[in-house]
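Participant: The residues making up each chain are set out below.
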Amino acid sequence: DGGITQSPKYLFRKEGQNVTLSCEQNLNHDAMYWYRQDPGQGLRLIYYSQIVNDFQKGDIAEGYSVSREKKESFPLTVTSAQKNPTAFYLCASTPLGGYSNQPQHFGDGTRLSIL
Amino acid sequence: QQQVKQSPQSLIVQKGGIPIINCAYENTAFDYFPWYQQFPGKGPALLIAIRPDVSEKKEGRFTISFNKSAKQFSLHIMDSQPGDSATYFCAASGGGSRLTFGEGTQLTVNP
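Protein chains in written order, with the working numbering: chain A, 612 to 726; chain B, 16 to 126.
Pulled out of the complex, with its shape left as it was, chain B reads as follows:
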């Protein structure tokens, strides 16, 4: 019930493409869904987060879509750039629980 399943494990797109990373959860007590971006040799950094009272949140080129009934949420990166190449983690928490992370997606944006 505490797991967060993330897919795909890796993703390659061309510059300007729109990579989409998906996550699914089981625990209906989760009410906070952040995404983290990690570059090699660095710690993850918070990218964007959403709460289940909204279906979409946009910050710059990054958009989270949230489907409460399906217990799924996804990250879209508009007009992707080579500098977006990194590992992306979804996570979830709520009901007094700690953050549970997905397995990560390694994104490569080719020039």
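Next comes chain A alone, as it looks inside the complex:
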């Protein structure tokens, strides 16, 4: 079955530590996205990538970094500069990069907490 796999499901970060969240898709989608979800705030876009080796900042990119070395993979690193990282992180993909009217397919998220 095609889909988006996020791992791990739960992640704990110590103060001053960088952590990386994995997102892999086998849908052959061009565009991939990272969202942060906090209670009562909907989904906020962190970074997105429409093509391999290229990505753009979303609305809340500070304290995060990404890479897109392969079409199927879009890992997100939460750096120590992100002072409030506790949230539910969602990865999504769409078939065609550069086209906005495409349904987004989501993974089941990673919940990040501070130790």
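Don't read these hints as lab results, they were simulated from the structure.
Everything numeric in this text was worked out from a predicted model, so none of it was measured.
Positions of the beta carbon are idealized from the N, C-alpha and C atoms, including for glycine.
Incorrect hints may appear among the rest.
Said to hold, decoys possible - Chain A residues, not near chain B, derived (Cβ > 12 Å throughout): (1) GLY613; (2) ARG624; (3) SER633; (4) GLY653; (5) GLU683; (6) SER684; (7) THR690; (8) SER691.
Stated by the list, open to error - Covered stretches of chain B, as calculated for chain A (at least 3 residues, CB under 8 Å): (9) 27 to 33; (10) 52 to 61.
To be verified - Examples of chain A residues toward chain B, derived with CB under 8 Å: (11) PRO619; (12) TYR659; (13) VAL663; (14) GLN715; (15) ASP719; (16) GLY720.
Using the hints, position chain B against chain A.
Facilitator: Same frame as chain A, now just chain B:
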């Protein structure tokens, strides 16, 4: 201009009731309006979507009503069931922009 305002924040109905969730937007370039359903601990899943050339779209028990002049759209769930209890998000995009999500509505359907 990129915001999508969603209401109510939470909604409780009895089984068989018709919950209605409303969204409003400002950007007239938006031309794609999806609704997503999210269960606890899961990612959102596309429920139904509409484009502004139609005023209503129905899929099963879910209906989107769209009012282009008022820049509003709403989701109606007919004959709601306890299994419909979830968080619902409206969203909008168009004119080359990314999806902009509403704040979400937590729906509870009591048996």
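Participant: Compare the structure with each hint and give your call.
Facilitator: Against the structure, the hints:
no., hint, in the structure
1, GLY613, "holds, 14 Å"
2, ARG624, "holds, 19 Å"
3, SER633, "holds, 14 Å"
4, GLY653, "violated, 4 Å"
5, GLU683, "holds, 17 Å"
6, SER684, "holds, 17 Å"
7, THR690, "holds, 23 Å"
8, SER691, "holds, 27 Å"
9, 27 to 33, "violated (count 0)"
10, 52 to 61, "holds (count 6)"
11, PRO619, "violated, 13 Å"
12, TYR659, "holds, 7 Å"
13, VAL663, "violated, 19 Å"
14, GLN715, "holds, 6 Å"
15, ASP719, "holds, 5 Å"
16, GLY720, "holds, 5 Å"
In summary, the numbered hints that this structure violates are 4, 9, 11 and 13.
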